[in-house]
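*Asks:* Chain by chain, the residues:
2 protein chains.
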Amino acid sequence: MSRTIEDRLARVTFDDRGLVAAIVQQWDTREVLMMAWMDAEALRRTLTEGRVTFWSRSRGDYWRKGDTSGNVQYVRGAKLDCDGDAVLISVDQIGPACHTGTHTCFDADDLEPVAGRDAAP
Amino acid sequence: MSRTIEDRLARVTFDDRGLVAAIVQQWDTREVLMMAWMDAEALRRTLTEGRVTFWSRSRGDYWRKGDTSGNVQYVRGAKLDCDGDAVLISVDQIGPACHTGTHTCFDADDLEPVAGRDAAP
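Protein chains in written order, with UniProt numbering: chain A, 1 to 121; chain P, 1 to 121.
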């Protein structure tokens with residue numbers, strides 16, 4: 001693999017908005033904490049600064065996680081998926097990941113699926 | 001929470017393409033296996049059939065994971081995130097999750113970030 005930051009960014013398939021989906025996972029417990037979006041500059045900062053930066057579609061600005069809330073995400077690892085349109089960021093999350101105060105952004109709304117074969121009831 | 005399938009689907013914020021990001025996680029090891037896309041019908045099938053169905057943007061068709069490859073994903077759980085634009089599907093994955101044959105879709109491309117504070121070297 002090429003190791004310069006430009007070569008790494010060039011492997012990402014940004015969508016027609018210039019964004020890639022970023023899945024954030026706690027490095028040790030492997031909980032999925034949240035999903036947000038990065039443009040090339042947000043990903044560049046995330047890969048080089050040791051802190052996770054997103055692109056806020058609603059505010060149209062960069063958003064370094066924890067700068068306002070204190071709930072910092074320290075980078076531990078980052079992987080690109082097979083078709084280049086999702087990155088999996090491994091972090092050490094300080095405090096709750098969700099702006100609602102819950103530990104993860106997936107804690108509040110259970111979609112209650114029917115379970116498949118062999119699943120516990 | 002409302003429990004009818006229509007009420008559950010109505011809580012999802014589909015994007016301007018009618019899609020929601022679906023993160024798929026192995027239920028016991030908590031590995032993130034892949035990310036793909038669902039429209040309302042794919043999510044409806046996923047929540048009601050016990051098997052994971054995506055919408056393929058490249059093929060413009062539904063894609064029930066494992067129908068061709070045998071690498072089925074049996075549904076264990078499904079959560080919606082705080083702003084409704086990502087679902088976290090917990091599954092029991094049969095065989096490799098990635099069409100390239102790797103265990104997950106995030107196994108092949110390390111973006112080699114600089115680690116943040118307190119991270120192991």
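It should be emphasised that the hints constitute simulated quantities derived from the structure, not laboratory data. Source: prediction; values computed, not measured. Glycine included, every Cβ here is placed at the ideal spot set by N, Cα and C. Any given hint could turn out to be false.
[Said to hold, decoys possible] These stretches of chain P come out as covered by chain A in the derived footprint (C-beta under 8 angstroms, 3 or more residues):
| # | stretch |
| --- | --- |
| 1 | 15-21 |
| 2 | 26-36 |
| 3 | 59-65 |
| 4 | 73-86 |
| 5 | 95-104 |
*Asks:* For every hint, state whether the structure bears it out.
*Replies:* Results for each hint:
1. 15-21: Contact hint for the stretch 15-21 of chain P vs chain A: violated, 1 residues under 8 angstroms.
2. 26-36: holds (count 6)
3. 59-65: violated (count 0)
4. 73-86: holds (count 14)
5. 95-104: holds (count 4)
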